[in-house]
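Model the full structure from these sequences, guided by the hints.
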Amino acid sequence: MNSTEKYMQELKQWLQETSDCPLEEMSDFFKKRLNDYEQHMSVWEKSYQIFAETLPAECQKILDLGCGSGLELDKIFQINPVIDVTGVDLCQSMLDKLLEKHSAMRLTTVCQDYFQYDFGYGKWDAVISFESLHHFLPERKKELYRKICNGLKDGGVFILGDYIACCDEEEEFLRGEYLKRRKESAIPDNCFVHFDIPLTLEHERKLLQNAGFMIEKVLENPDNATIITARKGL
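Following the numbering used here, the numbering of the sequence shown begins with 1 at its first residue and continues without gaps.
Please note that a few of the clues may not be correct.
[Said to hold, decoys possible] Calculated lysine to any residue pairs in the SDA-like style (CA-CA distance at most 20 angstroms, straight line):
#, residue 1, residue 2
1, Lys31, Gln112
2, Lys153, Leu99
3, Lys142, Thr109
4, Lys206, Lys123
5, Lys206, Leu144
6, Lys61, Asp36
7, Lys142, Thr108
8, Lys61, Pro138
9, Lys180, Thr4
10, Lys32, Lys75
11, Lys101, Val82
[Said to hold, decoys possible] Label-pair restraints from in silico Cβ distances:
#, residue 1, residue 2, range
12, Glu172, Asp96, 37 to 45 angstroms
13, Val82, Gln116, 26 to 34 angstroms
14, Pro222, Glu169, 18 to 26 angstroms
15, Pro81, Asp189, 27 to 35 angstroms
16, Glu45, Lys180, 28 to 36 angstroms
17, Gln13, Ala57, 41 to 49 angstroms
18, Asp168, Glu53, 13 to 21 angstroms
19, Glu143, Asp36, 32 to 40 angstroms
20, Ile215, Ala186, 35 to 43 angstroms
21, Leu137, Val82, 14 to 22 angstroms
22, Glu172, Asn2, 17 to 25 angstroms
For the record, the hints were derived by calculation from the structure and aren't laboratory data. Just so it is clear, CB atoms sit at the ideal spot from N, CA and C, and this is done for glycine as well.
Written out as structure tokens, the structure reads:
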């Protein structure tokens, strides 16, 4: 059995064991885990650092989607303490923790669904997101990526750090499980729930390219986060 087969076997076993656990609304999920969230996310410590270092030094006006308590911003502010950041997240408790940590920084927080947030046009040097977008179907991400592209200045960058499916089987299996559980629980379409539905790298790249981005760099890190740098075409 190769590593992919073993991984898929373990994933299916875990989902079978947790099949009776109800899907949790997104903001409630994170609010309940606020106290140990940062410790839990510390498994991506190296990726947070690499993610921060990937942000071009000339980028001064940044939009962070799904910023949470700001673990990526912890690293970014260490590198550039005068950077101007707007962080958007569904969970006010997470945003409160972020503001508590970085009260002296040029930081604005918005408690809102970032699919509905007004990005403006040609406003941002960079849009960033770390470990957030793998919770959404490609149909939603397609429109979001176009909105991100429009919101960036000419030549601006979108830096995505995320969980990427290892293969088509993982992507298709998790999508099917997600849709099945939503249907069984009669969850309305406008309700966000916490469940992982990552895309393969090939499919993620295609979504970005179709939205008007040029893929500049892909980094796959030792702690299993993938970082994609995509630049808005001139």
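Cβ distance range 32 to 40 angstroms for Glu143 and Asp36, holds or violated: Given range 32 to 40 angstroms: holds, Cβ gap about 33 angstroms.
Given pair status - Gln112, Lys31, alpha carbons within 20 angstroms: holds (15 angstroms)
Is Lys180 within 20 angstroms of Thr4, Cα to Cα? Between Lys180 and Thr4 the Cα gap is close to 24 angstroms, so the pair fails against 20 angstroms, i.e. violated.
Cβ-Cβ distance between Asp168 and Glu53: within 13 to 21 angstroms? With a Cβ separation near 31 angstroms, Asp168 and Glu53 fall outside 13 to 21 angstroms, so the hint is violated.
For the pair we were handed, Lys61 and Pro138, check the Cα-Cα distance against 20 angstroms. Given that 20 angstroms is the threshold and the Cα spacing comes to 27 angstroms, the pair is violated.
Please verify whether Lys206 and Leu144 have alpha carbons no more than 20 angstroms apart. holds (14 angstroms)
Range hint 14 to 22 angstroms: satisfied by the CB atoms of Leu137 and Val82? violated (37 angstroms)
Pair hint Lys32 and Lys75, alpha-carbon separation not exceeding 20 angstroms: violated (25 angstroms)
Is Lys206 within 20 angstroms of Lys123, Cα to Cα? Violated - the C-alpha atoms of Lys123 and Lys206 are around 24 angstroms apart, more than 20 angstroms.
Take the C-alpha atoms of Lys142 and Thr108, compute the straight-line distance between them, and say whether it is at most 20 angstroms. Given that 20 angstroms is the threshold and the Cα spacing comes to 26 angstroms, the pair is violated.
If you check the beta carbons of Glu172 and Asp96, does the distance land in 37 to 45 angstroms? About 38 angstroms separates the Cβ atoms of Glu172 and Asp96, which means 37 to 45 angstroms holds.
Please work out if Lys101 and Val82 have their alpha carbons no farther apart than 20 angstroms. holds (15 angstroms)
The structure does not agree with the numbered hints 2, 3, 4, 6, 7, 8, 9, 10, 15, 18 and 21 stated previously, though it agrees with the rest.
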